[in-house]
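Participant: So you can see what is in the structure, the chains are spelled out below.
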Amino acid sequence: MTTTLEHTAAVATEGGGLARKQNFLTALVGGVVFAWLAWYLAHHFLDASSRNYSDLVTTALTFGWIFGFWLGIGALNGPGRWLIGADHTRADDLYYAGENQGRKRYWKYCTDHKVVGVQYIVMTAVLLGAGGILAMAIRTELIVPGNHFVNQQVYNGFVAVHGMLMILALIVAVAGPWANFVVPIMCGARDMAFPRLNALSLWTLVGAAALLLSVLAVGSLTMGWVVLAPIADQAGVGMDFFAMAIIVFTVSTTVAGINTICTVMTMRTKGMSLARLPIFVWASMIAAALGLYAFPYFSLVEAQTLMDRTVSTSFFVANGGGTGWLQANLFWLMGHPEVYVILLPAVGALFEIASVMARKPVFSYRTAIAGMTGLAGLSILVWAHHMFTTGWAPTLGGPFMLTTELISIPTGLFFLVIIGTIWRGNIWMKLPTVWLFGFIFNFIIAGITGIYLSDIPIDNQFHGTVFVTAHFHYVFVGSVLFGAIAALAFWYPKVTGRFLDETMGRISFWLVFLGVQVTFLAMFVSGFKGMPRRYSSYSMIFEHANFVTTIGAYMIMSGMLVLLGAVVRSWNHGEPSGPNPWHANSLEWMVPTPPPLENFDVLPVITEDPYNYREELVRS
Amino acid sequence: MSIDTHVEHDANGHGGHDGGHHEPPEVVDGRQRMAIWLFISGDAITLSALLFTYLYLRGVNTGGHWMSMVGYPTVGPNGHSYAWYEAALNGSAGLPNPQVVMQAPLSAGLNWLVSILTLVSGLVVWAAEKGLRATKNAKTFSSLAWVATALVVVTMFFTLKQLHSIPAIFVAINDSQTMSYTAYASTMMVIIGSGLVHLAILAFLGVGLAIRSARGAITGDKWFQARLVRLFWVWVGISGIIASAVTTTINTIH
Numbered sequence: 010m011t012t013t014l015e016h017t018a019a020v021a022t023e024g025g026g027l028a029r030k031q032n033f034l035t036a037l038v039g040g041v042v043f044a045w046l047a048w049y050l051a052h053h054f055l056d057a058s059s060r061n062y063s064d065l066v067t068t069a070l071t072f073g074w075i076f077g078f079w080l081g082i083g084a085l086n087g088p089g090r091w092l093i094g095a096d097h098t099r100a101d102d103l104y105y106a107g108e109n110q111g112r113k114r115y116w117k118y119c120t121d122h123k124v125v126g127v128q129y130i131v132m133t134a135v136l137l138g139a140g141g142i143l144a145m146a147i148r149t150e151l152i153v154p155g156n157h158f159v160n161q162q163v164y165n166g167f168v169a170v171h172g173m174l175m176i177l178a179l180i181v182a183v184a185g186p187w188a189n190f191v192v193p194i195m196c197g198a199r200d201m202a203f204p205r206l207n208a209l210s211l212w213t214l215v216g217a218a219a220l221l222l223s224v225l226a227v228g229s230l231t232m233g234w235v236v237l238a239p240i241a242d243q244a245g246v247g248m249d250f251f252a253m254a255i256i257v258f259t260v261s262t263t264v265a266g267i268n269t270i271c272t273v274m275t276m277r278t279k280g281m282s283l284a285r286l287p288i289f290v291w292a293s294m295i296a297a298a299l300g301l302y303a304f305p306y307f308s309l310v311e312a313q314t315l316m317d318r319t320v321s322t323s324f325f326v327a328n329g330g331g332t333g334w335l336q337a338n339l340f341w342l343m344g345h346p347e348v349y350v351i352l353l354p355a356v357g358a359l360f361e362i363a364s365v366m367a368r369k370p371v372f373s374y375r376t377a378i379a380g381m382t383g384l385a386g387l388s389i390l391v392w393a394h395h396m397f398t399t400g401w402a403p404t405l406g407g408p409f410m411l412t413t414e415l416i417s418i419p420t421g422l423f424f425l426v427i428i429g430t431i432w433r434g435n436i437w438m439k440l441p442t443v444w445l446f447g448f449i450f451n452f453i454i455a456g457i458t459g460i461y462l463s464d465i466p467i468d469n470q471f472h473g474t475v476f477v478t479a480h481f482h483y484v485f486v487g488s489v490l491f492g493a494i495a496a497l498a499f500w501y502p503k504v505t506g507r508f509l510d511e512t513m514g515r516i517s518f519w520l521v522f523l524g525v526q527v528t529f530l531a532m533f534v535s536g537f538k539g540m541p542r543r544y545s546s547y548s549m550i551f552e553h554a555n556f557v558t559t560i561g562a563y564m565i566m567s568g569m570l571v572l573l574g575a576v577v578r579s580w581n582h583g584e585p586s587g588p589n590p591w592h593a594n595s596l597e598w599m600v601p602t603p604p605p606l607e608n609f610d611v612l613p614v615i616t617e618d619p620y621n622y623r624e625e626l627v628r629s
Numbered sequence: 070m071s072i073d074t075h076v077e078h079d080a081n082g083h084g085g086h087d088g089g090h091h092e093p094p095e096v097v098d099g100r101q102r103m104a105i106w107l108f109i110s111g112d113a114i115t116l117s118a119l120l121f122t123y124l125y126l127r128g129v130n131t132g133g134h135w136m137s138m139v140g141y142p143t144v145g146p147n148g149h150s151y152a153w154y155e156a157a158l159n160g161s162a163g164l165p166n167p168q169v170v171m172q173a174p175l176s177a178g179l180n181w182l183v184s185i186l187t188l189v190s191g192l193v194v195w196a197a198e199k200g201l202r203a204t205k206n207a208k209t210f211s212s213l214a215w216v217a218t219a220l221v222v223v224t225m226f227f228t229l230k231q232l233h234s235i236p237a238i239f240v241a242i243n244d245s246q247t248m249s250y251t252a253y254a255s256t257m258m259v260i261i262g263s264g265l266v267h268l269a270i271l272a273f274l275g276v277g278l279a280i281r282s283a284r285g286a287i288t289g290d291k292w293f294q295a296r297l298v299r300l301f302w303v304w305v306g307i308s309g310i311i312a313s314a315v316t317t318t319i320n321t322i323h
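Chains as they are written, first to last, in this note's numbering: chain A, 10 to 629; chain B, 70 to 323.
Watch out, some of these pointers could steer you wrong.
[As the list claims (entries may be wrong)] Beta-carbon label-pair distances, calculated as ranges:
{"hint": "1", "chain 1": "A", "residue 1": "511", "chain 2": "B", "residue 2": "270", "range": "23 to 33 Å"}
{"hint": "2", "chain 1": "B", "residue 1": "273", "chain 2": "A", "residue 2": "46", "range": "29 to 39 Å"}
{"hint": "3", "chain 1": "B", "residue 1": "284", "chain 2": "A", "residue 2": "34", "range": "42 to 52 Å"}
{"hint": "4", "chain 1": "B", "residue 1": "266", "chain 2": "A", "residue 2": "512", "range": "49 to 59 Å"}
{"hint": "5", "chain 1": "B", "residue 1": "168", "chain 2": "A", "residue 2": "59", "range": "40 to 50 Å"}
{"hint": "6", "chain 1": "B", "residue 1": "266", "chain 2": "A", "residue 2": "574", "range": "38 to 48 Å"}
{"hint": "7", "chain 1": "A", "residue 1": "405", "chain 2": "B", "residue 2": "323", "range": "22 to 32 Å"}
{"hint": "8", "chain 1": "B", "residue 1": "318", "chain 2": "A", "residue 2": "530", "range": "18 to 28 Å"}
{"hint": "9", "chain 1": "A", "residue 1": "282", "chain 2": "B", "residue 2": "92", "range": "45 to 55 Å"}
{"hint": "10", "chain 1": "B", "residue 1": "168", "chain 2": "A", "residue 2": "142", "range": "26 to 36 Å"}
{"hint": "11", "chain 1": "B", "residue 1": "92", "chain 2": "A", "residue 2": "405", "range": "44 to 54 Å"}
{"hint": "12", "chain 1": "B", "residue 1": "92", "chain 2": "A", "residue 2": "46", "range": "37 to 47 Å"}
{"hint": "13", "chain 1": "B", "residue 1": "99", "chain 2": "A", "residue 2": "544", "range": "51 to 61 Å"}
{"hint": "14", "chain 1": "B", "residue 1": "318", "chain 2": "A", "residue 2": "155", "range": "37 to 47 Å"}
[Claimed, not checked] Computed footprint of chain A on chain B, listed as stretches where at least three residues anywhere in the stretch have a Cβ under 8 Å from a Cβ of chain A:
{"hint": "15", "stretch": "205-215"}
{"hint": "16", "stretch": "279-290"}
Hints in this document: simulated from the structure, not taken from any laboratory. Glycine included, every Cβ here is placed at the ideal spot set by N, Cα and C.
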């Protein structure tokens, strides 16, 4: 077995024409050219005196961008060839799978699920980096009262784009890299069910992210990441970029969700029954199904916002019979399930890590699945708790309070499963385990503060304050990000053949862990005192807590930079890990490192579950 | 996990890219069928969200403006569209005061015509697929695929007519007149627009089926893709019927 990172040498591939020259650069060129073309045509042929002129031109430009980007990267080659009946040959499939293309395949529309997984790792890092820079800008502005560095409009834009960038980053942080890299191997499959759709989901996300990042350059947003209507109808053209980014992003998540479910349900090898599936595979599949349910609402509400802005419809305009509550309902019909689309893969990865690092089976495997399924089911029945204070349907407050509080039951099952798994285990205190313990600590705080906010009387007091901000940052940063980093530390050796640097990883852990406590506990204090969210300045009574929060934020940033350094350094210089450094039993650890194209020379036949640790495998 | 990689030498022929790992068509078909059903499920959620929008806005009837708006009708004093708009461009001094403009529902006949035509085109594809499987005659299949595509193109024409018939109202915003749409007109626009996008996809698929069968990529033995397309096609027809049933029976406020 190969035990270190190897890249096959780049070999010139003959034939294939222009399609084989397509890569990220041609995608950028295609995107820019078609965006310019669309802008030019719209600019010349649309009525410049129209109230919606600038929005129409901007929307045309964003259409042009995404079409050109797809054309340039090669996403339209498959449909085009299907249309004319010229299906891909075996040589084409191998070419698109990146055979013999070395590192160049990472810049292409590559269909190999492991390449897509690595591309997702990079994409997640880029999104987290951009969102993180904005977070630091926000915290720097808030270190003392008053406006110092940016004006209110720019600040509002930072808040909105930071929020949505981080949401997108965390949606893909675990599901993107690992549902792609390890899930097919865990199932005993040679690739995802639809390799070309897999590449499509990744590159569509890249196109959407570019649109989202462009928001800051074209006038920004002023209404927060939920882009509340009817303010969204009145915002600058940044809103058009934002709405199109979300619509395009929904294409990406839909395609990825269908692909994940089909892979798990139809590509499992012989003997890999549903009861023998690694728990991370279950988590990925449930999250994918939940995403399929949730994201159409997101797409529709942004399409409606775009229509209000470009063709003067009245979805959210009271004069024409519309209402902002429609936007709020549709947004939160997506918004709360989305939290669990983000959380479930991270929790699934942590179940996996807990089992491997404690040398024990996942405690009550079926309870874990029931918990995840229950959470997914309940999450579609709680959306109105985001609107308790708006006055929308007050009579429904009680039922929605109840469903929200019920969420604590499946969430409690997660703690039961993790604690039960590590209880009296032979715990191997390596880097993934350290982040696992950080998750447990933070997720308790996230969960308990969530119960407070689910109660209408308390929510009436805390709604709109930074208490809420602190709560969901404990969920997203303290829990999901910790899970994502634990997953990275756990599966990094399978990607690279090397361990993630343990020392740097631990330094990173303590900086981020302590930073989270300093930042968000201080933010709870500000929230208790009533400090409102999204304000660029504040009263002197919040000064000390905000100062502490900003110091904590800088600690988190330092920790993340150390982690980035560890990832980069370890990629080529880390300690070699061998193919199965954790002595785990699931299939991804049974294949060489890095896994070859198509993963298995001969498909395995499974005869027992992945958590049956035998004596000879137990760490000495 | 106990595994055995030698007992079964890829007896199922599982595989993806590599020449040595061909998959039987029925395995690929099963996978693709699941994907189509998942896609249809996502599309059904989109349809439910569209109808939720429609019914919600009708239900709340904000300010009584579900089908009315304060402004000027699109047919102005000179009897043609844009008259008010042109008048406004020349200065609003001569304009009468804006009034509540009431709208009538869109033509139910046209709505049903579009839905039924879409469903019929789906049934043609279904018949074509059944015929292909029974008679192995790809030529007839190709011809029927063209017929279904032609029906879709005709339906697209009527859909565009529907879109064109959605009434606009000129309203005063920031001292200038502009065209706007009531909540009813807005929701109809997004539902009809969504239908148009679906029809465009069907036209693409129909042309693909016809060309592919003519070139031998779809034959009496390789009919799986025809079934996949048919599933989606028929769903689009059914979704159109559902949308028509809702929007033609529940529209005015009594």
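Participant: Give me the numbers of the hints this structure contradicts, sorted from smallest to largest.
Facilitator: 1, 2, 3, 5, 8, 9, 10, 14, 15
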